[in-house]
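Participant: Spelled out, the chains give:
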Amino acid sequence: MSKGAKVGRSKRAGAGPQAPWNPSIVVFACNWCSYAGADTAGVSRIQHQPHFRMIRVMCSGRIQPGFVLRAFERGADGVLVSGCHLGDCHYVFGNERAVEQFERTMNMVKLLGLESGRLRLEWVSAAEGARFAQVINEFTDQVRALGPSPFARLGARVAPSPEPEASALEQGATTGA
Amino acid sequence: MVELAEAAKKARTWACYDCGKCTASCPVARVGGDTTPRRHVLGTNAGGDGVLSDGTLFSCLTCGLCETRCPVQVSYTALVRTLRELAFREGVEPECPHGGALQSVMRMMARGGTQQDRLGWLGQELKTEKNKGAVFYWTGCTMYYDAFFSDLQVTTLNGSRAAVRLLNALGITPVVSPEERCCGHDLLWNGDRTSFEMLARHNVRLVAESGAELLVTSCAECLRTWRLDYTPYLEGKPPRILHISEFLAEHLGELKLRGDGSRRVTLQDPCRLGRHLGVFDPPRQVLAGVPGIELREMRHARQAALCCAGGTWSNCDRYAKRLQVERLHEARATGAELLVTTCPKCQIHLRCAMHDPRRGDEIEIAMRDLGEVVAGALA
Chain A
3 MSKGAKVGRS KRAGAGPQAP WNPSIVVFAC NWCSYAGADT AGVSRIQHQP
53 HFRMIRVMCS GRIQPGFVLR AFERGADGVL VSGCHLGDCH YVFGNERAVE
103 QFERTMNMVK LLGLESGRLR LEWVSAAEGA RFAQVINEFT DQVRALGPSP
153 FARLGARVAP SPEPEASALE QGATTGA
Chain B
1000 MVELAEAAKK ARTWACYDCG KCTASCPVAR VGGDTTPRRH VLGTNAGGDG
1050 VLSDGTLFSC LTCGLCETRC PVQVSYTALV RTLRELAFRE GVEPECPHGG
1100 ALQSVMRMMA RGGTQQDRLG WLGQELKTEK NKGAVFYWTG CTMYYDAFFS
1150 DLQVTTLNGS RAAVRLLNAL GITPVVSPEE RCCGHDLLWN GDRTSFEMLA
1200 RHNVRLVAES GAELLVTSCA ECLRTWRLDY TPYLEGKPPR ILHISEFLAE
1250 HLGELKLRGD GSRRVTLQDP CRLGRHLGVF DPPRQVLAGV PGIELREMRH
1300 ARQAALCCAG GTWSNCDRYA KRLQVERLHE ARATGAELLV TTCPKCQIHL
1350 RCAMHDPRRG DEIEIAMRDL GEVVAGALA
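Sequences listed follow chains A and B, in order. 3 is the number of the first residue of the first sequence in the working numbering; add one for each residue after it. 1000 is the number of the first residue of the second sequence in the working numbering; add one for each residue after it.
So here's chain A without its partners, still in its complex pose (with noise of 0.2 Å):
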């Protein structure tokens, strides 16, 4: 994990004052629906707003509290967990088991106060390319809405580089600072 989030601030730095704003967005998705969905929707060339950077899992039910929290300690903007619809889980109940954990790690967030609009669930088969554009598409808007997040404005881990992307943070990983 602490090597998989890689969460960039997106082209920041020298994009201006007057340039809006990009959040950066985490996309945690599973191998066998919402992963391949956000591929049917690239085959598809169905456009959408490109702030997000996926990580795929084997499976919606892995993706536990500590996944979540760690983005946005690490300064993600939002987190967006999807997963397979519920009935079609490759493993035939790892999605209720995501609900769980997501109900959970959604409690956490509120407590922490940050904004509920940072963290979303949501189901998308691999067939639902369009589906999956529309998602990242509301969820970009809705977060960009809400602004940087409080923990990535501060930015002790995930400071504004020159660097392309993901740089920061893979530095931060490795000295745990």
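No wet-lab data here; the hints were simulated from the structure. One or more hints might be untrue.
Claimed, not checked - Derived DSS-like pairs: lysine-lysine, alpha-carbon spacing no greater than 25 Å straight-line:
1. K1129/B x K112/A
2. K1131/B x K1236/B
3. K1255/B x K112/A
4. K1020/B x K1126/B
5. K1008/B x K1020/B
6. K1320/B x K1020/B
These numbers come from a predicted model, not from an experiment.
Dock chain B against chain A, hints included.
Facilitator: For chain B alone, kept in the frame of chain A given last:
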């Protein structure tokens, strides 16, 4: 490595004559773990080569049992904490249980910048102040624990509610602040001093600004942190810092308590409250003062008490599980109906062990915070 030399001096490792009592008394080693305090003490004396990269550095529970048995007063907990700080600086981190979720939460709190929603547990019947007052009730992170461990039916907030209720019953309206942050105990014991310092400075300032002369907490780890580890950050006249058991022991006579029949209970001594701070008697005095309560001590109590094996969120493995099961067997063997704890962490870890489906109800026992027991007896 100058700092290692300092750590050695502070922990008195030079006094070690290799008797091996520490490793012999280590609960983790006893149930099969590779943890060996002796290796770290001797390794430090030999210059520290390989000590920081030793995989067992983070498997110590920091329960302090070895320290109480050491004939030459080597402070292994002080040593292991400094070694972890040095290791952390070199990028060695423990494999955090729960996917590191709690560490992330603590580090986000250290960073600050959000308005936490941490007072949702206060019911209308509880009287509290948000900013200023003579008594500060230090809640700790119980609301986070109950949310995070909701699948284990963890109810550490009941202890917080009971404590406020007891303070109210004594005519005190405590400050319960929405700006409180994690005390930093777990980060400090995992080697992350930078984040700990951010938390310490914030919390010390918060309590100073409240004007409190007394700080009461139900958490043994918060107590240790406030009483010992915050000392360098305290300025002016610091508040008196008491655990709820110490506070209740002082004020027991002022509370009107009634018994609801006789009840056999047993008591878990948390390592922070017991061995780290030497607070053994107050919880027992409080229990003795509640009508109808009969305390039955476990086989290992007071200085010899067994740790709940999860104090710093850095170790949860089969050895921790064995220790928890063993402890619950001890509690059951007393014939008690209720296991009383004085630290939320003990509750969480022992509760988790009880959920083992293979053991069924063999290790199950009702468990409550000391504050809940006393508040339940309020007339």
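Participant: For the pair we were handed, K1020/B and K1126/B, check the Cα-Cα distance against 25 Å.
Facilitator: At roughly 50 Å apart (the allowed maximum being 25 Å), K1126/B and K1020/B break the hint.
Participant: Against the 25 Å threshold, does the CA-CA distance of K1008/B and K1020/B hold or violate the hint?
Facilitator: Roughly 20 Å between the alpha carbons, so the hint for K1008/B and K1020/B holds.
Participant: Between K1255/B and K112/A, is the straight-line Cα distance small enough, at 25 Å or below?
Facilitator: violated (39 Å)
Participant: Take a quick look at whether K1131/B and K1236/B sit within 25 Å of each other, Cα to Cα.
Facilitator: holds (16 Å)
Participant: If you draw a straight line from the CA of K1129/B to the CA of K112/A, is it 25 Å or shorter?
Facilitator: holds (20 Å)
Participant: Is it true that the CA of K1320/B sits at most 25 Å from the CA of K1020/B?
Facilitator: It holds: about 23 Å lies between the C-alpha atoms, which stays within 25 Å.
Hints 3 and 4, counting from the list given before, are not met by this structure.
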